[in-house]
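Enquirer: As a plain string of letters, each chain reads:
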Amino acid sequence: MLETAFTGSKRYYLLLAALGGLVAIGFLTYLYQLSSGLGITGMGRDVSWGFYIAQLTYLVGVAASAVMVVLPYYLHDYKAFGRITVLGEFLAVAAVTMCLLFVIVDLGRPDRMLNIIKYPSPNSVLFWDMIVLNTYLLLNIVIGWMVLEAERNQVAPPKWVKPLIYLSIPWAPSIHTVTAFLYSGLPGRGYWLTAIMAPRFLSSAFAAGPSLLILLALLVRKYTKFDPGREQIQSLAKIVTYAILINVFFFFCELFTVFYSQIPEHMQHFYYLFVGLDGKARMVPYMWFSIVGMTIAALLLVNPENRKNETRLALLCGMVVITTYLDKGLGLMTGGFVPNPMERVTEYWPTIPEALITLGVYGIGFLILTILYKVAVTVKEEIKA
Amino acid sequence: MKKDVKNEFGVFGERPQVPKKLYNAKYIFGGLLIFLALVILPILPNLGKAVPPPKPQVDTPAIQKLAGQDKQCVEDTAWMRANHMLLLNDWREEVVRTGKREYTGKGGKKYNPSLSNTCMECHSNKSQFCDQCHNYVAVVPNCWGCHLEKEKKVAKAEAK
Amino acid sequence: MSISRRDFIRIAGLSTLFGLGARGAYELIAPGQLEAKSVPEAAATGKRWAMVVDMHKVDADTARKCAVACHRLHNVPDFANPVNPKYKVDPEELVRWEVKWIWTDHFHNTFPGLDQQFQQERLDKLPFLVLCNHCENPACVRVCPTQATFRREDGVVMMDMHRCIGCRYCMAACPYGARSFNWRDPRPYVKEINPDYPTRELGVVEKCTFCVERLEKNLMPACVVESKGALIFGDLNNPKSTVRQVLRQSYTIRRKPHLGTNPQVYYIV
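Chains as they are written, first to last, in the working numbering: chain W, 1 to 385; chain F, 386 to 545; chain V, 546 to 814.
No wet-lab data here; the hints were simulated from the structure.
A hint or two may mislead.
So, partial list: chain F residues that the calculated Cβ filter (under 8 Å) puts toward chain V [as the list claims (entries may be wrong)]:
id, residue
1, R477
2, V481
3, R482
4, G484
5, R486
6, S501
7, N502
8, G530
9, C531
10, H532
11, L533
12, K535
Keep in mind the model is a prediction, meaning the values are calculated, not measured.
Even glycine gets a Cβ: it sits at the ideal position worked out from N, Cα and C.
Please put together the full structure from these sequences, using the hints given.
Expert: Okay, here's the thing in structure tokens:
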């Protein structure tokens, strides 16, 4: 099946070449980071996690959201999603791969990476994150590939794939829950110390992931002979609507608890993000854009007319992707670290090398995505022919 | 009528007639050549050169000062030669993780398990004693990224 | 029975995966047992180290001397003071890369929430000496994915620089900012190098160790020696120790006790 990835249009090869270029630039910059240290990033002793871990958090959500196409198809027998489950699974494969790479580029000593396996520490959430992410990656590669291969040969997939599919359904929210637990169990960080962290992560994931999937489905329809289907896109749009509404609701729940209780350790972080603290307010415009944009997108999505018009839907989905990215990526990271536990404000902003390495990892992810989607789409086109 | 072929693996249809021609010979041999060149490349610079085997010296001033029996290392020379890296790893685990800072060597003598402060006190000639062998067998121990060699300092002190 | 190459590879791959998982499973069923069996029991000293900072005796000069003694002994880099002027760093980087084991801070930063609008005037000027609190219930140890940071029997929260992978989860977990990461190679910033103590390498986290290497030799931590009595150090398990006496006689406070970390550095204010 993989051979279908080697024949394609000129545009396909151009895309691969462009992504390869990004990867090359990112890799060279990573070599620079390896030799001079993480000092080339904007991180420091106060904001000790930054852009890399922000991407990890966001992409775990994208990966987990594959369950939103798998679950209706396999548990509720919603036949329409049968066409696009593989798109969801392959998106998860690319996203989880990026997650793992972002952890690696963030390590100070990547040469000792396997110490996590050599000295397993079940008390550390990072240990569990490593396990759930790797397992999820494996599950999605195997399931996506086996089901697609069976589809191509016009036979039923092997029996042993079914239990794996059922396992992958609870596994998806578990990866994002564990990722939320990375933050929500730390005693000195008021912004993260909230039981609603995992639910918030899941709601924003189930909004952002399917939004991305809608955008990808529209692209696939435009540039290939395979149409993921109008009904499928409309169903995904409903999922996005509910999820983003819940996400906005959760945000206001958070605001209520923090500001009605008036506990300074919890309020300061919101002050920093939304009005600035000690005259430092780098995140303010982004956070306002994020929360206002998210709320407007959520309200507009409620109107069926806006969902039925695919141009408007695409715009709203783009808005959801961007606003949740700002909220859960950079906002979550800097918001948690600023002010620091001694109530000092040191701001964070990624540097150019940091951004290049990040782009390199995205390059790898989209390279994987492009190749996997190429295979999937070619198979779907073959069947149709 | 095609004849089936039976062998120890089972019964198979007749082997298909494949024309005896190598397809894409240009790329296959080209690729093989590049592969060979890459494999040989690192060997070329040292081709025909005999690197003399290392002869680590143990006659540092600190060791010369030691009397007869004390000239012995913490363990037998032969054992140390084979196992010093394991011993150092053990010392490291014990000192850092269990806080055990005593090592009973051969003959019951007690030592402070420390690379910089025990080993290198006697073997103060790091470049001669450590590096020579490590270079010869091409290993790069990462001890010295943190632990400090005192060679220059000792040499300076002796010059005075 | 014959086995095809395809099956062989499949089985071999699966066995490898389970093999890797086995240790983790063992840790889950019997935490710490595997490690405990492979290393000898810790020397049962029965000690529990703690420190009292008497702010009546700490002035700016003493505080500085304590920090200098500690940092010089442990080869802690000073980014403001490179060995070679060409390694000079700008002030913004100085803040981000700073490595410190013991330093001073204001009252309201040391004890956030305890400062009042109207309070004793001397509090605003006092240089509060802060360091790792060697918590009884350390968050950093809980989150470490490799047990590179761990709590010794005697209460010292220790770092194993040989094992740290530089994930900095401990820095996110520590509510006292006691941990520093090596964002840069520290050696060009250690002016007077102490050859008896290692430096650190790029990419690992470090912090105060209560001078375990000195405790082993029955010596007091370097900062305590330098403090001229402002820092009191000793064994909490010994009712006759000076720390216990001081704790009996004076009212002491600790940093952020409500977080449940149970810090072992006490302050007489």
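Enquirer: Look at each hint and say if it fits the structure.
Expert: Going through the hints against the structure:
1. Taking 8 Å as the C-beta contact cut-off toward chain V, the hint placing R477 (chain F) at the interface holds, the least distance being around 6 Å.
2. With a least beta-carbon distance of about 5 Å to chain V, the hint placing V481 (chain F) at the interface is held under the 8 Å criterion.
3. Below 8 Å, beta-carbon pairs count as interface contacts, and R482 (chain F) has one with chain V at about 6 Å; its hint therefore holds.
4. With 8 Å as the threshold, the beta carbon of G484 (chain F) comes within range of chain V, its nearest partner Cβ sitting at about 6 Å, so the hint holds.
5. Look at R486 (chain F): its Cβ gets to within about 5 Å of chain V, closer than 8 Å, so that hint holds up.
6. With a least beta-carbon distance of about 6 Å to chain V, the hint placing S501 (chain F) at the interface is held under the 8 Å criterion.
7. Checking N502 (chain F) against chain V: minimum C-beta separation of about 6 Å stays under 8 Å; hint holds.
8. Checking G530 (chain F) against chain V by beta carbon gives a least distance of about 4 Å; that is within 8 Å, so the hint holds.
9. The interface hint given for C531 (chain F) is met, as the beta carbon of that residue sits about 4 Å from the closest beta carbon of chain V, less than 8 Å.
10. Hint status for H532 (chain F) relative to chain V: holds, with the closest Cβ pair at about 5 Å, below 8 Å.
11. The interface hint given for L533 (chain F) is met, as the beta carbon of that residue sits about 5 Å from the closest beta carbon of chain V, less than 8 Å.
12. Taken as an interface hint, K535 (chain F) checks out: its beta carbon lies about 5 Å from the nearest beta carbon of chain V, inside 8 Å.
Violation of the numbered hints given earlier is absent; every hint is satisfied by the structure.
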